[in-house]
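Colleague: Two chains, two separate frames, one set of hints: put the complex together.
From first to last, the protein sequence lines are chains A and B. With the working numbering, letter number 202 in the first sequence gets 202, and the count goes up by one each step, no holes. In short: position in the second sequence from 1, add 1000, done, that's the working numbering.
Rather than coming from a laboratory, the hints here were simulated on the basis of the structure. Do not rely on the hints blindly, as some may be mistaken.
Said to hold, decoys possible - Straight line, CA to CA, 30 angstroms or less: simulated DSBU-like cross-link-like pairs of lysine-lysine:
#: 1; chain 1: A; residue 1: K110; chain 2: A; residue 2: K201
#: 2; chain 1: B; residue 1: K1098; chain 2: A; residue 2: K443
#: 3; chain 1: A; residue 1: K127; chain 2: A; residue 2: K67
#: 4; chain 1: B; residue 1: K1280; chain 2: B; residue 2: K1344
#: 5; chain 1: A; residue 1: K155; chain 2: B; residue 2: K1344
#: 6; chain 1: A; residue 1: K67; chain 2: A; residue 2: K155
Next come the chains, spelled out residue by residue.
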Amino acid sequence: MSPSRAPGPPPPARTALQLREATTAARRRPRPDADVNPLRQGLRLERVPDPCAFVLFGATGDLAHRKVLPAIYQLWRTNLLPAEFSLVAVARRPYTDESFAAEVHASLEKYSRVQPIDQAAWAELAKRISYQQLDFADDAGFDRLSAALDDLDAKCGTAGNRLFYLATQPSQVTEIVRQMGRVGLDHEMRGGGWRRVVIEKPFGRDFESARHLNHEVSKVLRESQVYRIDHYLGKETVRNLLVFRFGNGIFEPVWNRSYIDHVQITVAESIGVEGRGAFYEETGASRDILQNHLLQLMTLVAMEPPTSFQADALRNEKVQVLRAIAAPDSEHVRRNVVRGQYDPGWVEGEPVPGYRQEPEVDPESETETYVAGRFTIDDWRWSGVPFYLRAGKRLPKRATEIAIQFKEVPLRLFRESTGDPAPNVLAMRIQPDEGIMLRFAAKVPGLGLDVRTVNMDFAYDTSFVVDSPDAYETLILDALLGDASLFTRADEVEAAWSVVTPIINAWADMPSPQFPNYASGSWGPEAADELLGRDGRRWRRI
Amino acid sequence: MTARPVAHSVPEIEGQLEKLWAQAAVARAQAAQAENALIAAQAEAAARAATSDTSATSDTSATSATSATSGAGSHNVAARTSVLNLVVVAGDQGSAEKCAATILGAASRHASRSLILSAVDPEGPAGLEARIDALAMSPAGGRAETGAETVHVVVRGETGLHLASIIVPLLVHDLPVALWWPNDPPLGSHRADRLLPIADRLIVDGSAWTGNGLDLLGLLAVAAEQHQLVVADWALLRQARWREAIASVYDLPDLRPHLGAVRRIEVEYAAAEPGDPAGKTNVVRPLYHVAWLASRLGMTVAEPVNRESDGRRTATLRQKDHAVEVVLRPVVSDLGAGSTVRVKIVSRLRGAELVGEVAAGDRSVEVMVWDNGRERVRRVYVAPRLTDVDLLGRAVEEGAADPVAVHALAMAGRLLGVESALHKAERHRSQDHD
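One chain only, chain B, in its complex shape (with noise of 0.2 angstroms):
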């Protein structure tokens, strides 16, 4: 069942919600209703057909009938269990339906109040148009239950600077709000500090920004900390299964205490053109990789990344007492322009070299070990693309920040040379002591 009541204003909005769970809990009276008469009906079966073997039997199940039809005068209260307020901040409609999409697919796992926001003719006259899907699921047994709404806000003229005092009274109470800016997010802008303080979690995909990305990388680097966000980048999402594949690397026993002689990180990505030579080619990923991999391996940034005349990109960190050299190098490929082709982590340990890989296939991605040229590992992944609904599913569904994020976001900043006011206090901090 799918209601599309219009609205023109946040009260107007308000109202149809109530509505919507209104007719809900009807349905769910009656349905429950008719669940209890049809088990009295059962036992007064039960109980007619007892009664002709044992009279003792059959006043059991009277007493049961009779309890059940009355209920003992209690009655179901529908208790809403959306597990999120989901705040889309979709620029344009385009951008809106797609997401309205994803939302409805993902809907049946995370019940959510979604409010979904565009923008049309800013220089017009203010004012807001809203339509409301109920997504009312049936569940086993059949009863109604509304378990989704997204309200679809169109808004014009000035009202489109004001956005969070739309958001804020169409919030339900109690319940996280996670901020999705399917698109390139105003990061740094007035807009955004209005919103970003409402958001529990920032759901954006550093794959799918303008250019290389990692100037608004560097931003939201800035942004979780500063506003202590959960961030959900899909671009991180998506090398779950990568994370796996390389960790795997290091499973065996005597190959783990390489993981602290780390030589080099080179990154092989799929350029957007034969070299990458405007450094369009968005490089999120691939520098996800090395953000993760320096976070999780104690390593700090000694330079922080430059682009090279011949497209690579470079950095150097620092593991213990040495030098790790970083290469992000763009190559022609069939994948996405982005896509990271290959991962390869170069160690030497008591002269014995060990070069653990992980390369894209289809569907899947491969791990191969060489320990002083001799092959150890060979294994197979596979790595299904991600739909965005799956996506969106993941985003929301931690409950508190997935620390693997926080740590790789936070060195993604200082590996593009950011320096947080958390980060800068602790350097001055430590000069002082010095």
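Excised from the complex, chain A in its bound form (with noise of 0.2 angstroms):
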């Protein structure tokens, strides 16, 4: 009401239909605002990153190969890179930028997702490709990198945006990421020209490493500055399950302690250690799956709902579950964690070998190539909640799996049923046929009263019969745009570790464990079996 006018009735309510006139017309006139731009409100169009150099640190190695340039090719080819984008290649060996192009476009025909390769927008993506020969421990090498981005800049219209991606081995980030505080490449610049750094995993091999490297890395980079990449969170279902929980209504009250009897994931692979037996070595399933796949796929499912999907919103309500984990202690991990290695056996028809007689691997090896763990949140709404995580190799089949098991109704009616219906079970597959499926009871048609377990089933490729983004498409994209919800922020690496790192201890500390104890083609130890069978269930049969 205006000052000026004396007082006088108060307005009669308004009805409905004013009511959202008023808010039609309050959305009509949108009013700029000095923060933010008006005319990007409500653009539904995928945004373009500002003109940057993608710096590939690694270039002439196997994952920037088959992983890394494919995906910019074909971010590249759907028009989701920026003009003004210079992609410069940074390696030991020695090419000329022509060299190095024809060696990119030979990968792209092996490894490309989309094939034919598009000529025309590989000719074009080609020309903004430049090769820099260096060595990571080279003070002269990084000056040079520094100017010729310096020369990008100047003649492609990069605007001082550059993101480096250290596709490389782990043990070379601390010194790259030196280098690069050295010659002032981290340097963000007034009005633009940010600088950000992608790290790939693994982030360290125990708590105490990983928050080394952390504080080697914030040396010289500020925490929004570092994205630290695991792909399986830029997995096309593993996005979706952020999407089916915080996107539909019905699920949310159901999701807890209350209706909720257990859960289980599993990340199943049929394939051994592919020529990477040194690698594995060092690895073994606890570090190379529970401590980031496992434990990340865990956090997506037990989170609160964030405030928003901005980036440190979702990043804090993972943490918060990853905190909540009981630690376990050594008397815990024997009970309650289980770990193999397999044997020689049968997978997908095929006999193969037993993990000890894969090449570069310890005839006496510990490794483990099983993890299996029974583990609990401590808070409101999942407190008495077990949460079983299984990963394997040479397990019948590959397969990537959240199962939420909900408890059985508190009466049985049917008793008198021929088939006890089961309880419902909604599970989403990850890979591959990537769904969802519920399992519920239904009355099978007939004058009795007969009841059955059916599926009701979603499978993403029946109803989008499009190939979905390569995960590193997805990830790469973000980095570029700035947004940084699907990397995986420093103090969560660290309570990750700080939930495995126990588990490591305790084994160091145990009698050798009886390996190998699981064939090929079985679905693991049978003590996995008994892990789940002490609490009266089993594992489900993917």
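Modeller: Below, the structure written as structure tokens:
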């Protein structure tokens, strides 16, 4: 009410129509705000990243050629990269710009998920590729790189924006970051000119080494400049898990200890170590899968709804889950965590060797190729609900799945039925056959009252018969756009290691395991079945 | 696999659709059975191999095999996962075929039940003839699955006046209905009034309308508000990259305050003939640029669009306490008639003039910004031409109304001097208060 007017009777209550009209009118006139660009509001188009240089360290390596470069090509082909884009490949081996581009082209023909190669798009991208030979310990080399990037800004309009992608050995990360700091490649400029660094997993090999790595990186870079990549988080179905949980109202009321009996998360691989025996000897299933993929999936299932989809809001909730996981002591590890190693056997109709017969593997190796554990989350939502996690190599099939098993009905009304209805299960398949399955009971048609369990199945590939983007495409584009929500924060990495490191330490203090203890092609060691059997449960058959 | 059964009534069409689903369910069950058998065989092989090593492991594997084979008595239920009903009122059979090809192209992403209706022989005896194309897509694993089906309905005689009675029984329940009018929609007619209430979304292409398109655009703005319709206009969708480019002019924080001080918006478009003397070039796209800017920047219409003697169209907007001059100028260009050639935004703030200009290039748009005559920004956005399949995909994929499109269309209506019922009520109320 205007202060100049005399006080009068209160205005009459507005009708629903008037309220709607008022809301519509208010919506119609958005006001420019100094802090936001009103022309950006509501644009549904994929935002194109700023002009930038993509500096790929380890450009001649396997990861670069199999994953990173095909992802960049795919983003370029689909017009998701800016016209002012430049790819600077950095590695030790000698190449010219042209010879490196030729090698990239050969890799694309092999690894690009869309074939044949779009030659017109490739020709445009190839013009933007340059190669810098560089030894990561060589000060002068980094000086040259810095100068070359400044030249690129002038020549190609990359505007001082740089994404450094470290597709290198983990041991080289600290040195590269130190060199970047030395020559000032980390310095962001006023009025634009961002600098971001993508670091590949593993982030350390235990809690202490992860903390040390984070500390070294933080000497040069702010946390907001660091993008720790775990490609699992870029997978379409993992992202769909967030949509499924927080985009559907019907599941949230039952997503807690009152209705959920337990959760099973499986990351099963049918392959062995595939020529990476030396790497796997140093890693094992706990470091390779449990510390990152399995715990990431667990946090996404268990996290509280974030206040927004901003990076820190999401990551705060994930960290809360990790911190609420009961820290395992050695007795807990002995009772609730199982490790295994595969023996020879048959997988997919083929005989396969045991782990100790694999190349570059110690014939007496005690490295685990299988891990399963029972974890609990001590908070109001999940207290008393076990999360059973398992991951293994040389299992009968490749399958990643999250299964939520609900509690049984309080009273079995259909005991006389020929089939006792099994509890409801909601299963989210991450790979392959990405989709969501809900298991429930249904009456069998007929005069009797027979009850049968049926599956209602949503499959991505039958609803949307299109290729999903590769996880690397999603994550690289996010990093270029400055969206860190699918990347792992320093405290998240350390919190995950604080769950896994006590397990690894407890195993080190225990007697030598009876390895090998499961046949290739089976679902893992017997002790893993006993782990659930003690609770009156069993692993799902996937 | 494509089946093409023919039907002559709605019940016959329904019967044919049910038959198709039953065939798909059988194929699915057979595929699942084969897959289970394969897994069981593999598990048995693993169990046999393990027997020679450890008896404990073999027990585990054998249990797996038995259960996998039996499947614990469960059956897979084929769940329909189509995302929408897509109703196309094609008018003639040529357009119907063109639309069918577009739908086929988009089916992999937007599995739909599509009903394509076209009319022949309006004076002849009443009746219909339908054929059904089922698109069985083969996803990974090779399982057959009916993902989409298209019902082509050709109506004759008086039946053509009662399309809603054919459409409604054939819709898949609980799925949204998108109504696609590929040619000039008969907005304001009895026919449209019967069909619009069954639709959640209306798909049109304002840039393909006959004449300058402005009358239909005005009617569209009114229909959207009256029927609470989500309108997806391909003309507006095509400009997505332009909007991105125009928005980027003001991404630099020090330039952003200029958005509150716009003095002139000028849009150049390709004329069908020099100067567009007859005023027949379709100007829906150029007008949308102005409408979008005005709606985002809180402008009101002071004087609606008027055609000048030199072929330009002008209007006056108000932003806060100052006027904003609007000019739509026809120019000679190699681009197709009605295409936007250049958008220029002039603003003045505390004596400083900022000119943002976005111009069409070859498969790109170029952004240039001058701050008091000094170049501040120059960058190029790749802007490939969207195909009909791209446009249809974008038109149906949003779940709810895109507020940018809603506001732009409503503003376009006001720029054309069309006063909707809602807007009129709002104005009357404010007059009552005064």
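Colleague: Please write out, lowest number first, the hints stated earlier that are contradicted by the structure.
Modeller: 2
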